[in-house]
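Single-letter residue listing:
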Amino acid sequence: MKDLLQLLEDDSTLTHTQLAAMTGMTEAEVSAAVAQYEKDHIILGYKTIVDWDRTQQESVTALIEVSVTPQRGEGFDRVAQRIYQYEEVESLYLMSGGAYDMTVIISGRTLKEVAQFVGEKLAPIEGVTGTATHFILKKYKEKHLIFPIQEVQEERFVFE
Amino acid sequence: MIDYSKLMCQRVQDIHPSGIRKYFDLLQGMEGGISLGIGEPDFPTPWHIRDAGIYSLEKGFTKYTPNAGLSDLRAAVSRYLKRRFDLEYAPVGQILVTVGGSEGLDLTFRCLLEPGDEVIIPAPSFVCYGPLVSMMHGVPVMVETKAENDFRLTPDELRAAITPRTKVLVLPFPNNPTGGIMGREDLEALAEVLRGTSIMVVSDEIYAELTYSRRHVSMANIPDMYERTVVVNGFSKAYSMTGWRLGYVCGPKPLVAAMTKLHQYAIMSAPTTSQYAAIEALDHGDGDIEAMRDEYDGRRRFLVDGFRKLGLSCFEPLGAFYTFPCIKSTGLTSEEFCDRFLAEQRVAVIPGTAFGLGGEGYVRACYAASMHDLDEALKRLEKFLKSL
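Chains as they are written, first to last, in the working numbering: chain Z, 1 to 160; chain W, 1001 to 1388.
One or more hints might be untrue.
Derived BS3-like pairs (lysine-lysine); straight-line CA-CA distance at most 27 Å [as the list claims (entries may be wrong)]: (1) Z:47 to W:1386; (2) W:1379 to W:1328; (3) Z:2 to W:1379; (4) W:1253 to W:1328; (5) Z:112 to Z:138; (6) Z:139 to Z:112; (7) Z:2 to W:1309; (8) W:1022 to W:1386.
Going by beta-carbon spacing under 7 Å, a handful of chain Z positions derived as facing chain W [as the list claims (entries may be wrong)]: (9) 2; (10) 4; (11) 21.
Bear in mind the hints are in silico, worked out from the structure with no lab data behind them.
Quick reminder that beta carbons are idealized off the backbone N, C-alpha and C, glycines included.
Produce the complete structure using the sequences and hints provided.
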């Protein structure tokens, strides 16, 4: 059986009533558990995955490799903090491997906006020694969801 | 003009078409309709399994396989049955790869039945047993299983159905449509009745991987029963491979040899692409089974809970992916309920009567559907019940 966290990770729109039924817990137990997860920051938040390409809204996403000089006593954390404070930064990861140190994912409305962010905000941060920006041309899959979700009309025979 | 009704054998003309079909036809072209009628997993076959099928095509494996199936596949089936169900079947001589579990059932009846032989079939159950038996001039003897017994077949019910003409007992567990299962102690009790008789058991274990409280136990695991049991299984439900049409049948060597002979004339060999994909499924698919079962389990609990909250009593199904709520409280017959629910709320469920004896007063709702659809179906059910 899937536990609460697994169920919620798959679909955060499930109501506590539904979750209770699915796990055999009472609604009160579900609410208490979810509240505790939120309090402990095990659940960080609830977001929606949007395929912006299917809307009128312009949007570009870039994946930026960032080389960083670690700071004495604080390693990469201090620089990371300086990077992730920016609203534009969607995700930030410290990477293994020698080529670069961090991956930053940022979204903007236009290419220019992203370029501006890299040039004016990201690159000048103290400790950042280099960046390489890769624009994402097409998203195929995110968080286990395939873009666009294909509605296949199969001929199905119902006999079983 | 040829009168075909005079040409076709009477037995096939006497067979009724499945009662499930009608609801599907009605639902087609219905805007916003929801089907909890279809008895099929809603997941596509896991990618690595599909990929193995594709790869076999790329390599040009497009010819017939040995009649009994690829030896690698039979070896994989043998390992799988040992690992998952503690069943011992030799890859050579005891395992025949078939076109779905259905062919395995058909072959078994063909190889066992003489005209007039009786076949005990617990009902409600999957619709195929009776017609297949009738085609072999056999006599289906339906035995009604009851909600108060958790839709299990009891030793008393079995004993009462046995006559000197009884040749076969079908064990359709985990059960479609009730979701009932037979535990080891239930099977032991039936075995007690069967010992000393010459009755063969056809155990349809297609839903064996889909049990929710305890592991499936096969009749072939019960002392003295191995030699009189034919195990029918397949890939459709465990690996969501319905369209690949692949199953297998395991049993005593002389019987499997006879089935292989028939299979060789009627089928030649099961689809080659499917067989290569199936090897991958058996060898690397245990995780897929767990993932799908976990997913079904949540939906199962949700749907059963939903029926009960709306005041319909619902036996807790412990296997397969069906719920079988009782709708007697509505005062409608199963068929009236299903016809009206579909017409008024555009939700398809199947009347219990489509599954034979004992189905009146029940409907089958399949939870191999998205949570969204299940939720919406329950909301519409609430409206429907209020309108009655």
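Okay, the hints, checked on the actual structure:
| no. | hint | result |
| --- | --- | --- |
| 1 | Z:47 to W:1386 | violated, 36 Å |
| 2 | W:1379 to W:1328 | holds, 20 Å |
| 3 | Z:2 to W:1379 | holds, 24 Å |
| 4 | W:1253 to W:1328 | violated, 47 Å |
| 5 | Z:112 to Z:138 | holds, 18 Å |
| 6 | Z:139 to Z:112 | holds, 20 Å |
| 7 | Z:2 to W:1309 | holds, 22 Å |
| 8 | W:1022 to W:1386 | holds, 26 Å |
| 9 | 2 | holds, 5 Å |
| 10 | 4 | violated, 10 Å |
| 11 | 21 | holds, 4 Å |
Of the numbered hints listed earlier, those contradicted by the structure are 1, 4 and 10.
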